[in-house]
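Engineer: Read off the chains here:
Protein chains: 4
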Amino acid sequence: MIKAGIVGGTGYTGVELLRLLVTHPAVELAVITSRGEKGVQVSQLFPNLRGRVDLAFVEPDDTVLKSCDVVFFATPNGTAMKSASALLEAGVKIIDLAADFRLRRAEEWEHWYGMPHACPELLAEAVYGLPEVNREAIRTARLVANPGCYPTAVQLGFLPLLEAGVIDRQSLIADAKSGVSGAGRKAEVGILLCEAGDNFKAYGVPGHRHLPEIRQGLITAAANPVELVFVPHLTPMIRGIHATLYATLTDPGADLQALFERRYANEPFVDVLPPKSHPETRSVRGANQCRLAVHRPQNGKTVVVLSVIDNLVKGAAGQAVQNMNLMFGLPETAGLEGIALLP
Amino acid sequence: MIKAGIVGGTGYTGVELLRLLVTHPAVELAVITSRGEKGVQVSQLFPNLRGRVDLAFVEPDDTVLKSCDVVFFATPNGTAMKSASALLEAGVKIIDLAADFRLRRAEEWEHWYGMPHACPELLAEAVYGLPEVNREAIRTARLVANPGCYPTAVQLGFLPLLEAGVIDRQSLIADAKSGVSGAGRKAEVGILLCEAGDNFKAYGVPGHRHLPEIRQGLITAAANPVELVFVPHLTPMIRGIHATLYATLTDPGADLQALFERRYANEPFVDVLPPKSHPETRSVRGANQCRLAVHRPQNGKTVVVLSVIDNLVKGAAGQAVQNMNLMFGLPETAGLEGIALLP
Amino acid sequence: MIKAGIVGGTGYTGVELLRLLVTHPAVELAVITSRGEKGVQVSQLFPNLRGRVDLAFVEPDDTVLKSCDVVFFATPNGTAMKSASALLEAGVKIIDLAADFRLRRAEEWEHWYGMPHACPELLAEAVYGLPEVNREAIRTARLVANPGCYPTAVQLGFLPLLEAGVIDRQSLIADAKSGVSGAGRKAEVGILLCEAGDNFKAYGVPGHRHLPEIRQGLITAAANPVELVFVPHLTPMIRGIHATLYATLTDPGADLQALFERRYANEPFVDVLPPKSHPETRSVRGANQCRLAVHRPQNGKTVVVLSVIDNLVKGAAGQAVQNMNLMFGLPETAGLEGIALLP
Amino acid sequence: MIKAGIVGGTGYTGVELLRLLVTHPAVELAVITSRGEKGVQVSQLFPNLRGRVDLAFVEPDDTVLKSCDVVFFATPNGTAMKSASALLEAGVKIIDLAADFRLRRAEEWEHWYGMPHACPELLAEAVYGLPEVNREAIRTARLVANPGCYPTAVQLGFLPLLEAGVIDRQSLIADAKSGVSGAGRKAEVGILLCEAGDNFKAYGVPGHRHLPEIRQGLITAAANPVELVFVPHLTPMIRGIHATLYATLTDPGADLQALFERRYANEPFVDVLPPKSHPETRSVRGANQCRLAVHRPQNGKTVVVLSVIDNLVKGAAGQAVQNMNLMFGLPETAGLEGIALLP
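Protein chains in written order, with this note's numbering: chain A, 5 to 347; chain B, 5 to 347; chain C, 5 to 347; chain D, 5 to 347.
There's no promise every hint is true.
Same chains, same names: a pair is fine if it fits in one copy or spans any two.
As the list claims (entries may be wrong) - Think about it this way: if two alpha-carbon atoms lie no more than 30 Å apart in a straight line, the pair counts; the simulated BS3-like pairs of lysine-lysine are: (1) 86 / 305; (2) 280 / 190; (3) 70 / 305; (4) 280 / 7; (5) 280 / 42; (6) 190 / 42.
Think of the hints as simulated: they come from the structure by calculation, not from any bench.
Kindly produce the complete structure, drawing on both the sequences and the hints.
Structural biologist: Written out as structure tokens, the structure reads:
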């Protein structure tokens with residue numbers, strides 16, 4: 005059994021990670037830390053885990069964490085980078101669900117996240133944990149940067165087009181809509197039910213932290229510069245991201261449906277829908293799945309890709325488990341076969 | 005492997021049954037019928053099942069159904085009673101998720117459901133499928149009447165009090181609130197998002213079909229007459245029932261917390277919360293669980309029980325699988341260990 | 005024009021009060037205070053008021069407030085009691101939307117609100133602002149304690165029965181469900197969309213601050229002791245309270261429908277629905293209305309009253325304006341004729 | 005007083021029209037028709053109107069309608085065109101809230117709406133009722149085609165840019181999100197709370213009926229051909245449209261904020277927010293308002309316009325009343341001064 009630790013398990017990615025790890029056939033949950041909730045039973049904070057998780061939150065303690073095979077950081081940005089080196093030296097593998105190791109250039113990270121990076125020397129080693137792109141590198145990684153939720157949905161939608169070189173790389177648009185859990189479990193007025201409920205709005209249009217992460221991934225896929233406009237929106241639901249992606253076709257003869265189906269033919273967690281489909285976020289609620297549809301409205305020059313994920317699963321905790329499976333040589337789908345809850 | 009058939013799988017209990025049976029370790033899904041959707045792939049109607057269910061809906065066909073070990077009826081009321089005899093004769097076990105076999109007296113059934121009963125002779129044999137009450141009878145049953153959603157939540161809350169004889173049986177009140185999926189997947193104006201959303205109302209106060217079913221169960225538990233007022237409400241969420249139960253204590257010295265804990269000590273799917281708790285419906289969302297709390301406000305004569313279930317799981321499909329497990333000698337929890345989705 | 009001031013206008017009752025006062029034909033909005041948001045334009049915090057309210061929040065300032073004809077306190081509990089005396093002396097009328105003056109006995113207030121009362125000497129003068137009970141006293145009041153939201157819905161439902169003496173006063177039950185705006189506009193985890201959304205739960209079953217307020221009102225109506233169990237619930241919607249009230253009939257011959265219709269025949273803001281009705285909260289969304297229905301299920305001994313209000317209107321700001329109208333000799337319905345928003 | 009009739013008032017635009025007309029100072033509601041609900045009190049179907057509307061639905065009757073000054077058609081597409089000629093001949097003014105008179109070319113209408121047009125000869129006379137474009141023509145019109153909800157939000161967002169000629173007309177994108185009431189009050193499975201709730205999806209990507217209407221309006225504004233991709237989405241809320249509009253700047257020096265502010269400086273119902281703003285749909289809930297913000301992310305070549313309306317008000321009934329005000333020489337804002345309900 006793989007001994008797993010979770011640092012900072014009081015948020016939504018933390019409870020989702022617990023839900024997945026508790027039923028994982030090859031994982032033993034060793035420790036879960038939280039300064040704020042130390043001493044509190046996990047199942048008291050998250051009653052869905054009553055009878056399934058017997059642990060209490062404890063203070064972060066290097067000795068215990070160093071005895072784990074893998075440690076997941078479900079912490080705010082800027083936390084994992086402080087502990088990573090010591091854990092790696094102790095032979096522990098790390099999966100960071102926050103943003104500390106997602107960007108390759110420390111200066112760019114510091115610009116968008118507004119703090120100095122504590123271990124820029126690890127950025128080169130960290131592997132960006134999008135298995136559909138980096139599967140082989142993940143298998144041998146010690147340190148995986150689990151992708152953001154928007155970046156997962158947007159990259160999986162654009163990848164086939166960029167890799168095949170059939171679109172103009174200078175005019176990409178990602179119009180993305182997220183359920184409110186993407187904002188985390190924080191006491192903030194803007195995500196109260198009475199503020200975010202029965203309401204729809206864009207946010208961060210001048211600039212959002214996921215923009216450089218998405219751009220970096222798209223540039224890698226295109227092996228060329230890419231220009232992207234990214235507009236995130238808050239939609240009154242709990243889970244789910246729907247990314248609507250726009251690009252200008254440069255190869256009007258491309259068979260887009262075939263392109264997408266071929267690209268993801270062997271991917272267990274990416275599902276290309278039949279032509280003219282409209283994926284629904286609820287079709288992936290609670291499941292480690294991305295569902296995609298590709299359209300070319302009025303047979304014009306614009307390609308429209310619709311991409312849905314559950315931001316807490318394929319966009320966070322599920323993808324982290326998928327990465328763990330790869331890092332430990334387990335079947336990639338282990339513990340991730342739950343079916344989406346519909347309705 | 006148990007060969008299972010589903011009759012009428014296009015509603016919410018149908019898709020939930022599919023979700024549970026597909027991952028059940030001992031079940032093979034043989035056939036799913038629907039007159040209206042015949043020929044349609046199940047995964048087209050319910051995209052959460054893409055890649056997991058390869059069946060198409062077919063017309064009900066006795067030959068195929070008779071080859072099953074068990075047939076679930078996820079049909080409107082009045083359907084199962086027409087096919088039950090023939091299937092039982094063919095050696096097929098039946099679990100009816102509708103109401104056809106829930107009431108013992110045919111006249112009472114006909115009064116509340118407004119049609120003649122097609123096989124009153126089976127009512128005596130049918131076992132009411134509430135395992136916490138009828139576990140042994142279910143094990144040997146050929147025909148199980150799966151309880152209604154409200155009746156499950158209400159009975160599990162009142163049972164310890166009635167069995168122990170510590171309350172006045174003449175003044176029970178069940179104030180119950182249901183998510184909208186309890187009304188089914190039907191094209192009706194009243195359950196549109198724009199009618200039932202951001203809205204709360206009672207319904208059926210003059211009389212609801214679950215009243216005689218609840219009353220019958222409570223009378224059995226009390227081995228005495230019982231008077232109950234039952235007021236159901238529609239609450240703007242998808243899944244979940246919250247029953248708030250009121251009774252007058254006749255034994256003011258009773259240790260209610262201990263009574264509840266003792267009654268359900270060995271029940272895998274009933275969870276008694278600590279004193280002063282308030283169970284949330286989301287703590288059982290997607291899970292085959294009932295969570296209960298018992299209160300005595302201001303130390304007065306009124307006992308208040310709070311009972312939550314997911315109406316589609318412990319209130320329908322999950323309880324049906326639990327019954328199947330019992331009928332076929334499987335571990336009672338087989339296929340039912342999924343953890344509730346929170347948030 | 006009546007010069008009105010609002011102290012503490014950054015919460016939901018504050019913005020609702022603004023919405024109503026801005027379109028009130030006889031009111032001029034003079035000042036709105038908030039320590040936390042001082043200097044911020046009201047319309048920046050509440051963009052629905054753009055172009056309609058030109059004020060910015062200012063620090064509370066006695067000079068300005070004393071120049072008003074009426075000051076509304078839309079503040080947390082414990083605030084109004086500190087300023088009331090000085091304002092009254094300056095000839096300003098006060099309407100407190102918080103709880104400071106709702107309970108007649110200072111000790112009881114201190115017990116439930118956990119702090120000493122700053123001006124118990126005013127409690128005897130303060131008029132409980134439920135116009136359907138205290139209309140004449142309100143007309144001449146200097147200080148009105150605006151009722152709580154639950155207390156408004158519950159009292160209006162029980163009043164006809166208690167005043168007529170047709171029920172057992174020792175066994176009242178109020179099972180109440182509130183939209184989340186009742187909890188206020190506060191940065192608290194429990195009322196996040198991802199916590200309170202798609203979820204239902206009871207809270208405060210051991211004791212809620214509205215219990216003594218309701219009890220006091222019911223005792224006055226009955227002119228006799230009353231026993232009440234009060235169970236509040238949080239329902240996943242923004243506005244609205246639905247109270248489901250239970251009582252045991254002592255006069256089984258009473259014509260309950262006639263009793264209710266007669267009691268409220270001349271009330272502009274209480275609407276008794278026809279027999280067998282089920283009022284919906286959305287039928288009063290944004291409107292200063294209480295809608296009631298009275299039932300006697302199965303013609304038994306239990307009477308069930310269904311009572312709905314918008315917690316922010318008839319349960320707070322609307323009732324405050326109704327009280328202001330009475331205190332200043334205006335038509336009671338002035339500024340309160342908006343129709344509920346449906347859907 | 006203007007005598008107004010409503011044909012087909014059982015849908016959401018119908019009840020919203022009633023809400024607005026009942027409190028309109030210059031309108032007397034004469035008749036409301038519905039074949040399906042004939043004889044039913046309006047307030048029984050829409051309990052928010054109890055005590056405010058005393059009419060019952062009646063069968064459509066030309067005599068009564070011809071006695072009106074204005075008739076609103078809140079009917080399905082294809083209805084108004086059958087009665088329009090006769091009413092116009094009788095001197096009645098017509099405002100059609102459906103699509104019958106929105107497109108200038110009958111063939112295009114017939115292509116998108118799939119039926120022959122019953123009175124193509126009226127298309128040239130009909131005035132497209134977007135006051136911000138056609139105010140003077142509306143004043144003298146006999147027949148007004150009230151714009152669709154999406155077309156209103158999209159056109160108001162693009163107009164300043166197209167009129168000023170600062171964007172590439174060949175690459176417009178409108179990514180629009182609508183609350184579910186836009187789909188009407190129809191018994192359809194897809195808009196049940198359990199289908200559309202807690203879910204997000206695009207629909208009609210291959211082609212939506214509002215596309216030709218939007219395109220026609222944009223071409224007129226640009227006085228040039230225009231290419232547009234239009235992707236509508238269903239978002240789990242009741243009211244509101246949020247259009248996110250993308251265009252490529254051809255004049256990178258344009259002062260976009262000033263352009264928008266100038267264009268709408270005198271418009272009572274279009275509100276341009278300050279730079280870097282994100283309008284929320286709830287800021288216009290129930291109000292006849294469009295709120296706009298214009299962005300240029302990363303100072304790049306793409307302009308992003310955010311446009312919100314309430315689909316039932318500025319997107320339907322409110323705009324219809326605004327048009328009526330213009331047609332009858334009333335103040336344009338008469339009866340439309342209600343403030344949005346927030347929260």
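Engineer: All hints are to be evaluated individually against the structure, with a verdict given for each.
Structural biologist: Evaluation of the provided hints:
1. 86 / 305: neither (48 Å within a copy, 39 Å between copies)
2. 280 / 190: Result: close only across copies, 24 Å inter versus 39 Å intra.
3. 70 / 305: neither (54 Å within a copy, 50 Å between copies)
4. 280 / 7: neither (45 Å within a copy, 35 Å between copies)
5. 280 / 42: Between. Shortest inter-copy distance 22 Å satisfies the 30 Å Cα cut-off; intra-copy 51 Å does not.
6. 190 / 42: both (17 Å within a copy, 25 Å between copies)
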